[in-house]
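> The chain contents come next:
There are 2 protein chains.
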Amino acid sequence: MRNLRLTISYDGTRYVGWQVQPNGLSVQEVITKAIKKLTGEDVNILSAGRTDSGVHALGQVASFRTAATIPVEGFRKAIQNFMPEDILIRDVVEVPHDFHATFSAKKKRYRYVILNSRFHNPFSRKYVWHYHAKLDSAAMHDAAQVLIGTHDFRSFETNWPNKATSVRNVMELTVKRQRYCPLWFGSDDIQPSPENAGDFIWLEIVANGFLYNMVRTIVGTLVPVGRGRWTRDDVSRILHAMSRGEAGDTAPAQGLYLVESIYE
Amino acid sequence: MRNLRLTISYDGTRYVGWQVQPNGLSVQEVITKAIKKLTGEDVNILSAGRTDSGVHALGQVASFRTAATIPVEGFRKAIQNFMPEDILIRDVVEVPHDFHATFSAKKKRYRYVILNSRFHNPFSRKYVWHYHAKLDSAAMHDAAQVLIGTHDFRSFETNWPNKATSVRNVMELTVKRQRYCPLWFGSDDIQPSPENAGDFIWLEIVANGFLYNMVRTIVGTLVPVGRGRWTRDDVSRILHAMSRGEAGDTAPAQGLYLVESIYE
Chain A
1 MRNLRLTISY
11 DGTRYVGWQV
21 QPNGLSVQEV
31 ITKAIKKLTG
41 EDVNILSAGR
51 TDSGVHALGQ
61 VASFRTAATI
71 PVEGFRKAIQ
81 NFMPEDILIR
91 DVVEVPHDFH
101 ATFSAKKKRY
111 RYVILNSRFH
121 NPFSRKYVWH
131 YHAKLDSAAM
141 HDAAQVLIGT
151 HDFRSFETNW
161 PNKATSVRNV
171 MELTVKRQRY
181 CPLWFGSDDI
191 QPSPENAGDF
201 IWLEIVANGF
211 LYNMVRTIVG
221 TLVPVGRGRW
231 TRDDVSRILH
241 AMSRGEAGDT
251 APAQGLYLVE
261 SIYE
Chain B
1 MRNLRLTISY
11 DGTRYVGWQV
21 QPNGLSVQEV
31 ITKAIKKLTG
41 EDVNILSAGR
51 TDSGVHALGQ
61 VASFRTAATI
71 PVEGFRKAIQ
81 NFMPEDILIR
91 DVVEVPHDFH
101 ATFSAKKKRY
111 RYVILNSRFH
121 NPFSRKYVWH
131 YHAKLDSAAM
141 HDAAQVLIGT
151 HDFRSFETNW
161 PNKATSVRNV
171 MELTVKRQRY
181 CPLWFGSDDI
191 QPSPENAGDF
201 IWLEIVANGF
211 LYNMVRTIVG
221 TLVPVGRGRW
231 TRDDVSRILH
241 AMSRGEAGDT
251 APAQGLYLVE
261 SIYE
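Quick mapping for you: the protein sequence lines, in order, are chains A and B. For the first sequence, my numbering assigns the number 1 to the initial residue and increments by one for each residue that follows. For the second sequence, my numbering assigns the number 1 to the initial residue and increments by one for each residue that follows.
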């Protein structure tokens, strides 16, 4: 048996999310069925993160065990042939037997994109959260820094109490204006715009793990900061309150992207 | 009666095109019905260009006469309220009675976007033409220059013979690699990438008018140049042959954008 790791991009618009659900089509189901067609096997696909309905992925990672001996690049092309246009299998590699897409992840990066402009954009309506009123992205960035470090994030967790701990380590959290929309893979070459220039606000967050709706609740808490209603001190207060009711609304799904899962 | 001019952006994916058709929903029909709901009038909406099924618009221009006395910004907001998310009414202004969205246009700008990369992009599948094999965009740009000026473009016209002339004046035609995708309004701040950098190839064309499928046939003729199969001389030969059979294929609709119509 080989252990194979997939790197996957998908437009989450049409899906109930990553995980198989009774009420609609999931990305996991589409990929599981493709592997069944290719190898005849009923594999159990593990993933780096269970993205919700409407949430996108640039670099979702999944792993599964297979007895098939097809070389990995041939495997990639063969699975891709069964994929609809909104799912792309970017990479297939063989990994050690103890690799587990979920538990081996050291950290993950998510991106949340707000279109902060007078008009919505007909082309990005499924890919950003359009927020009409002007947001102070520098204030949002400043307030976000209080979330960096190891904290109990239950104020930013939808389904607390959960079965395990709500403690997570946020290693990086930035909020920047950008001129560009997020619909491509690489972002390293994107320079942030000067404050008050550029209609797109990108929140980038890296943590060792994420709670249910954590990124969307952080966004929904930073937006009132961008409006001047809350301050950095309010974000600190909300974090330490350890109560979901203190935080802001859950931002809509379509602005959220699982960017990458980091294993090394 | 006032003569009103609309500036409209739309994602053409869901529509049979601008013009009312018996076989599906058109952008013109959606807007005509919204004006009917707002004013009770059955207006005849003229447009700068009849975009085809799947073709997009960043700045389509339309005009119509109305007895309604609603101020223009209120008119814009009221029509927008009836619009689906994939159509945006960007601007409504009152124009002189002799303004005609079609015939008053001095020139129009179209953009065609190719994603020239190994992988397709799940997010831009409806907004670019994915072309897998490497294209030499500098050679395409060079060859495109033979089309500048006043020529009979019937080699690039799908439905020749048409009722009128096939002579048009192409004032600008550039082919450049870009790092970015086209899904926003402005492009003035986009710097072209160095040759062989950037996965997006943008063709921009300005002319005093366009024949049916003219931009898409020009693209389909320049792609073989980018592949090294045809040269600048071949493009010149095709232009002077005045025969559609000599030119390349018609490139797919989803990469095409009506960017603006210029009246002054």
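Keep in mind that the hints were calculated from the coordinates and are not lab data. Errors might be hidden in some of the hints.
As the list claims (entries may be wrong) - Pairs of lysine-lysine residues, derived as DSS-like cross-links and limited to a Cα-Cα distance of at most 30 Å, are as follows:
| no. | chain 1 | residue 1 | chain 2 | residue 2 |
| --- | --- | --- | --- | --- |
| 1 | B | Lys126 | B | Lys107 |
| 2 | A | Lys33 | B | Lys126 |
| 3 | B | Lys107 | A | Lys37 |
| 4 | B | Lys107 | A | Lys77 |
Stated by the list, open to error - Which chain A residues stay away from chain B? Per the calculated CB distances, all over 10 Å, these:
| no. | residue |
| --- | --- |
| 5 | Thr66 |
| 6 | Arg90 |
| 7 | Val95 |
| 8 | Asn121 |
| 9 | Phe123 |
| 10 | Arg125 |
| 11 | Gly209 |
| 12 | Gly220 |
| 13 | Ala241 |
Every residue gets a Cβ at the ideal spot worked out from N, C-alpha and C, and that includes glycine.
> Determine for every hint whether it applies to the structure shown.
Verification of the hints:
1. Lys126/B with Lys107/B: 26 Å, holds
2. Lys33/A with Lys126/B: 25 Å, holds
3. Lys107/B with Lys37/A: Violated, at roughly 53 Å.
4. Lys107/B with Lys77/A: 45 Å, violated
5. Thr66: Its Cβ never comes within 10 Å of chain B, the nearest being 23 Å, so this holds.
6. Arg90: Check fails; 6 Å does not lie beyond 10 Å.
7. Val95: Non-interface label stands for Val95/A: nearest chain B Cβ at 21 Å, farther than 10 Å.
8. Asn121: At about 6 Å from chain B, Asn121/A fails to clear the 10 Å cut-off, so the statement is violated.
9. Phe123: Check fails; 4 Å does not lie beyond 10 Å.
10. Arg125: 5 Å, violated
11. Gly209: 25 Å, holds
12. Gly220: 21 Å, holds
13. Ala241: 36 Å, holds
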